[in-house]
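Asker: Starting from the known structure of chain A, fit chain B onto it as the hints suggest.
In order, the protein sequence lines correspond to chains A and B. Here UniProt numbering is used: position 139 in the first sequence is 139, and no number is missing along the way. Here UniProt numbering is used: position 126 in the second sequence is 126, and no number is missing along the way.
Read the hints as simulated data drawn from the structure, not as lab findings. Heads up, some of the hints might be wrong.
[As the list claims (entries may be wrong)] Keeping only pairs whose Cα atoms sit at most 30 Å apart, straight-line, the calculated DSBU-like set for lysine-lysine is:
(1) K131(B) to K71(A)
(2) K131(A) to K105(A)
(3) K71(A) to K71(B)
(4) K29(A) to K65(B)
(5) K65(A) to K65(B)
(6) K105(A) to K10(A)
(7) K10(A) to K71(B)
(8) K131(A) to K105(B)
(9) K131(B) to K105(A)
(10) K131(A) to K65(A)
(11) K65(A) to K105(B)
(12) K29(B) to K71(A)
(13) K10(A) to K65(B)
(14) K65(B) to K105(A)
(15) K131(B) to K131(A)
There are 2 protein chains.
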Amino acid sequence: MYENVDCCFKYIGYVRREDNSASRDNLVKVIINEEFEDGLIGIEEFSHLIIIYHLHQATFDGRVKRVRDGKEIGVFATRSQFRPNPIGISVVSLIRREGNVLIVKGINAIDGTPVLDIKPYDTWDRVDSPKVPHWHNGGK
Amino acid sequence: MYENVDCCFKYIGYVRREDNSASRDNLVKVIINEEFEDGLIGIEEFSHLIIIYHLHQATFDGRVKRVRDGKEIGVFATRSQFRPNPIGISVVSLIRREGNVLIVKGINAIDGTPVLDIKPYDTWDRVDSPKVPHWHNGGK
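Okay, chain A solo, but in the shape it has when bound:
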């Protein structure tokens, strides 16, 4: 139905971190453009957020299959950053907000990653016992 239809989004902020990694273990800043600061009002009342970002350094080479555990797996069955639309999402815990800056833990994105959206984590997002195959290796 939609062949070669584009849609475009505008960066609303970015990830700032001092370590040179995408580790989920460290506290990281998500800095929102000042024009959107009021969009964060009340977000402190949630414990967790979903950060949606542009994997801006991931260049998709057109391969829709990968190898996992010796077998071919489709890219949509992986969390690889190299995907047709390089959109990343991380569920993070919100430590605190300082004006237009969110201090979060759990983001799997490098310094400078542009942010597209922030959503509160909802009970709809929780799956108690998801089935995940043994060959799945998370964000790799």
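Answerer: Okay, now just chain B, sitting in the frame of chain A:
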């Protein structure tokens, strides 16, 4: 850091449903463009997926605050479809795959919604006891 920087994505498929709603209760098809069918290989081994889509009928009017329970709340503290970047996400259970078609339950999107990405639901995405304020009303 990023003021007025755009990024563009290409639709990879769309939502097909026969009811005229965005109800999470019904079985819904997610139809992926045939060029990406091989990207679904192995996805059946996951019980749940995250569907990322373009809320293509949501027109953002520039208001970054909403009223919830009589107080002002920022748009990023809501799941409103009217947001600076109208990106929607739903956690769904995967019922089955038929070639390039996924039959899912739990998507909060209307018929014809363009799909941007599909990711397997990972244990990282699970938060056991998220704190959600009483004024939060999910996708509304």
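Asker: What are the numbers of the hints the structure violates, in ascending order?
Answerer: 1, 3, 5
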